[in-house]
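Colleague: Okay, here's what each chain looks like letter by letter:
2 protein chains.
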Amino acid sequence: MKWGYRFMEMFELVFQPEGKRVKVAFGSTILEAAKAAGVDLTSICGGLGACGKCKVIVEGKNVSPLTQAERKLLLEAEISLGYRLACQTLVRGRMVIRVPEESRTGKQRLQVEGIETRAEPNPCIKKYFVMLTKPTLNDIRSDADRLLDALQATYGLEGLKLGYEALQRLPLLLRESDWKITAVIWKENLVVDLEPGNTSARAFGYAVDIGTTKIAGYLLDLNTGRVVAVDSLMNPQIPYGEDVISRITYASSGFSELSKLQQVVVDGINQILKVLLEKTGVKRWEIYEMTVVGNTAMHHLFLGINPKYVALAPYPPVVKSGVNIKAKEIGVDINPNGNIYALPVIGGFIGADTVAVILATEIYKRKDLCMVLDIGTNTEVVLGNESMILACSCASGPAFEGAHIKHGMRAAAGAIEKVKIDPYTLEVQYWTIDGVKPFGICGSAMVDAVAEMLKAGIIDVSGMLNKDINSPRLRHGENGVEFVLAWKDETAIEKDIIITQRDIREIQLAKAAIHTGCATLMKKMNKGEADVDLVFIAGAFGSYINPENARIIGMYPEIALDKVRIVGNAAGTGARMTLISKSMRDVAEEVSRRVKYVELGAEPDFQAEFFNSQFIPYADLTRYPETSCLLKNLGKYPKKLPPIFDSKINR
Amino acid sequence: MKWGYRFMEMFELVFQPEGKRVKVAFGSTILEAAKAAGVDLTSICGGLGACGKCKVIVEGKNVSPLTQAERKLLLEAEISLGYRLACQTLVRGRMVIRVPEESRTGKQRLQVEGIETRAEPNPCIKKYFVMLTKPTLNDIRSDADRLLDALQATYGLEGLKLGYEALQRLPLLLRESDWKITAVIWKENLVVDLEPGNTSARAFGYAVDIGTTKIAGYLLDLNTGRVVAVDSLMNPQIPYGEDVISRITYASSGFSELSKLQQVVVDGINQILKVLLEKTGVKRWEIYEMTVVGNTAMHHLFLGINPKYVALAPYPPVVKSGVNIKAKEIGVDINPNGNIYALPVIGGFIGADTVAVILATEIYKRKDLCMVLDIGTNTEVVLGNESMILACSCASGPAFEGAHIKHGMRAAAGAIEKVKIDPYTLEVQYWTIDGVKPFGICGSAMVDAVAEMLKAGIIDVSGMLNKDINSPRLRHGENGVEFVLAWKDETAIEKDIIITQRDIREIQLAKAAIHTGCATLMKKMNKGEADVDLVFIAGAFGSYINPENARIIGMYPEIALDKVRIVGNAAGTGARMTLISKSMRDVAEEVSRRVKYVELGAEPDFQAEFFNSQFIPYADLTRYPETSCLLKNLGKYPKKLPPIFDSKINR
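Chain order of the listed sequences is P and R. Counted from 1, the first sequence has number 486 at position 486 by my numbering; the numbering is strictly sequential. Counted from 1, the second sequence has number 644 at position 644 by my numbering; the numbering is strictly sequential.
Please note: incorrect hints may appear among the correct ones.
As a list, the in silico DSBU-like pairs of lysine-lysine whose alpha-carbon atoms are at most 30 Å apart [stated by the list, open to error]: (1) P/Lys260 to R/Lys328; (2) R/Lys326 to P/Lys283; (3) P/Lys274 to R/Lys328; (4) R/Lys283 to P/Lys328; (5) P/Lys596 to R/Lys134; (6) R/Lys274 to P/Lys328; (7) R/Lys35 to P/Lys187; (8) R/Lys161 to P/Lys127; (9) P/Lys187 to R/Lys326; (10) R/Lys161 to P/Lys308; (11) R/Lys260 to P/Lys326; (12) R/Lys126 to P/Lys161; (13) P/Lys328 to R/Lys260; (14) P/Lys326 to R/Lys20; (15) P/Lys582 to R/Lys326; (16) R/Lys127 to P/Lys127; (17) R/Lys582 to P/Lys187; (18) P/Lys260 to R/Lys161; (19) P/Lys467 to P/Lys639; (20) P/Lys134 to R/Lys524; (21) P/Lys328 to R/Lys596; (22) R/Lys127 to P/Lys161; (23) P/Lys308 to R/Lys180; (24) R/Lys640 to R/Lys596; (25) P/Lys161 to R/Lys61; (26) P/Lys328 to R/Lys134; (27) P/Lys161 to R/Lys596; (28) R/Lys260 to P/Lys283; (29) P/Lys126 to R/Lys134; (30) P/Lys161 to R/Lys582; (31) R/Lys596 to P/Lys126; (32) P/Lys326 to R/Lys596; (33) P/Lys161 to R/Lys20; (34) P/Lys596 to R/Lys161.
Between beta-carbon pairs, the in silico distance windows are [stated by the list, open to error]: (35) R/Glu116 to P/Asn189: 37 to 43 Å; (36) P/Leu137 to R/Lys563: 30 to 36 Å; (37) P/Gly27 to R/Arg104: 56 to 62 Å.
Hint data in this document are derived by calculation from the structure and do not stem from the laboratory. Even for Gly, the Cβ is constructed at its ideal location relative to N, Cα and C.
Bound conformation, chain P alone (with noise of 0.2 Å):
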């Protein structure tokens, strides 16, 4: 049979031990049809061959040969199995695939919880309550003047424009309700829905925060401003691409890309929305507002708008002010006339979430100079106050979500999330998500274990593995040395859990990008350490990591630990205050715009600071007293000081 028409044929593929089946074209890989099936396969870089995460069992022999992608990150032991790569293979006919667990998304632990920053309900919707006379022959005005009429008269509201909707329901539901009636009115302007009786008690809100990793929902009871009812989920975009780019990357290649990344984030919202429903026995059509907050690339993508740009440089968003768009536009199912508000993002890499963090900080107001650290793939720093606020956006990359991390993996349950290693007996303690056996290790654990490892000395300030020590959990692996954190009997993947050299590699980049952001903004307004007053590290990530372990391994300057605050989601705070309150609205139009971005690419020092912060905890010492104190004290501070790169501006 020629190629030609096999390019036709559709197969039957089993993906187990779901037993999900599904039928795909000749030349299909893997991951789409894994995608298809709605199977859970983890795709970090999203399909481009690099993150090595898609990892399956293939039996029979219907597909293409092994690539170079997978010679590089597949281990021979792996290849002999049957291991491939679930992007770099093509299906050629009929066949069976196994996921392993390690390269199962699973259900990761999510941070709903924020900071409680109230707003005075003041919100967009408000309801008003009329009774009408009824038409005589001596008042034929239209059943819409007298509505208007009243409205006027009773609330002296003027200019009042009447929704298609509710002009449409306007005559039946006037004689249903013998013309006693509520008016649902956004913004003192528009008659969104109209309601028979006095209705004036129940509005809802619904807050949403979409994150790349997770979407948190809140609904609120927009008279009383109170959370009544909160959900989440994973991000149901992750199978087309674990971090932004690749979802970029993706959404870019087609109307049809864009219009499905959009569609699985309205899915997902909606899917939180009917649990919040199903507990509070709220109706879909009493909730007549929703904000919305993400970063620029997952506010785009909701919004249905091409990101392609947002990731070239010089990185501009499409739209920066504030969106307003009526639910039945995007399919939200609230009230299909109520009003999406998606606050308005600051720049390609300084999304709405971060006006949101803003807002919940209320560092825009505030006389002490504060620093924020939204903790993520990207991570965005702010320093600032009342009178100047500086952003910018560090690719701290995907390492503290496990990725590009050899036993790496999300904070879902089987994750090492806690390490203590004993600096004199080099004894691991480690504690996991849900107390099971491990899977591998999340960030948090990373960070500690890189810390606790400096302060046993099996790293040294450069962050190199110390080859002298003796000690079984310190041996030289495949790719070099490595240190074991959990012996194979202990987990769950019967492996050893190692950290290799190239681990402690991409946390050091990783907490470098962060520190060079934060170096960089305080240089920028020339302060100090000890002028920062307040920092608030904020995202899910930043809930779970002990801010000590980060501070010992250089992700932020040395301030004092008293000034540290954990403020969770603070990004869905911000999404909340701007449901209930109009002139919060005002507030982060105005953040949005008097938010100064850096572009850190464009820093005449930003070699000179990203050199600097790769050590650990930073190539000066004298920047960080306390940590080299501890040092000494352990007796671990180094023999020969790392050298220092000379910036053109000094600190």
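For this one, chain P is given, so just place chain R on it according to the hints.
Modeller: Leaving out everything else, chain R in the frame of chain P:
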């Protein structure tokens, strides 16, 4: 077999001579089946068993027995030949149905031309071409800000909003067009669409007049204000009821019926549009604006607003002001974000068509006192000038459209459209549309016939046929005295075409309704015939009547004939004026507020006036001196003058 089972059965019906087949459920009416099959079948009363026009011949016995209504409306001979009324006959099995020519709606002659009143082009939609600078590291404004800033800098447009789809298209379009782009802006306020390059020379609009019987569509160049193409179509709502009231009844019966009527009228509008686009090569997305006129019921149905209460005292419309709505919300196939402006209405029975007629005739700004008759099933009468305008609606009924007239039909091929009777020999001359053998009589010929019969003495001023005349054309028929207009061997229906006493009575009622409206408005303004400076006769029917004969039968007061203007489809003209001119919309809104609606039924001397108006031309012949003189000259002036019902208010 039990009835219970048969309810779920479907049967195939065949309609002849077309051979159209349709499957319908047990118990459906043949009228419903005809609609489902798309068979052209007249139904003036909308299926109430009142008009007797939906005659069909049923072959076979799988039908319900004859109803009372059928026994009343069908002749014995017809019943013996298998004639049934489609709306009264329920399907109980397979059968063949023959639709006779007389029951066909046919292709009616449609009037789309109207008075040419030009408005200065000043459309809501304007196009603005801008050249943008590309983003750089020193200028990372968002794409949206870049566009809006350029529109402000180049054209001084401030506070513009960017439509959602325009925002979605923005990033790719800017780059594909090398940053040269045309913004389509509505009312200097909203960016509706974007086009690559400079397209400012092309912008089109669509004006639509939704008549109860026909829809007329006009494609205009918004830059020049010129009509580039015209087309029209029978209103596809006709199968759901020929007159306004039967359609309101249908639409009020449920949400799906309302949606159905909206859907079919939108489909019709799209069908006309398709023809206009094919004629001209204009693309649908180049049509950014549409205006719509129609009576209040057509207006509400087009907008999907339940018109039920428009038909119930005190007849309030649901909405009176102009309605702006996006094309995609209704499904009209212009640019989906194009705006549709439905002109304001005046009251439940005085619609947007009357507002449009007032714009087209410009009576709102004339010093001359003008009268307008827009003749139809409901005839709107307007009287006024720049300082005051009164309007009323007269229930003239469908007699002028052929309903309730023994051999009445609409102005389609084969209709007798013009009649002359020799006052001495009583010989009849008639002309048919398209010059074919006659099928029946249309409205203009009925007006002629009544006027000619009066002049010939065949009827007297009370409308009674003169039994004493010795002529084979005047004879006793099944229902009393009748006048033969066309002999069997001249006609296409193999029957004599006759005018019955009852037909004359129907015309008297119809013209009396219109005359009562004219007289009442004149009385309210305290004006006599000599005070009226201009009479405009509008509407499709109005275009074909002989204004002299209409005056002889007393359809309107005896105003000098040189003051009478036939203005054709003036409603369409008004729709075109508001399409190309923003300021004409302000005038329309003002007219809608300024016109004082007079509810004829509530006037104290309505009964008296209506009684007097039923005489031909009028009970008080001194008000018709010219006609009186004519009758005297012909020797037909009544020896006994009719009684005059005294109204409380003197004219």
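Colleague: What are the numbers of the hints the structure violates, in ascending order?
Modeller: Numbers 7, 14, 16, 21, 24, 25, 26, 29, 31, 32 and 33, in rising order.
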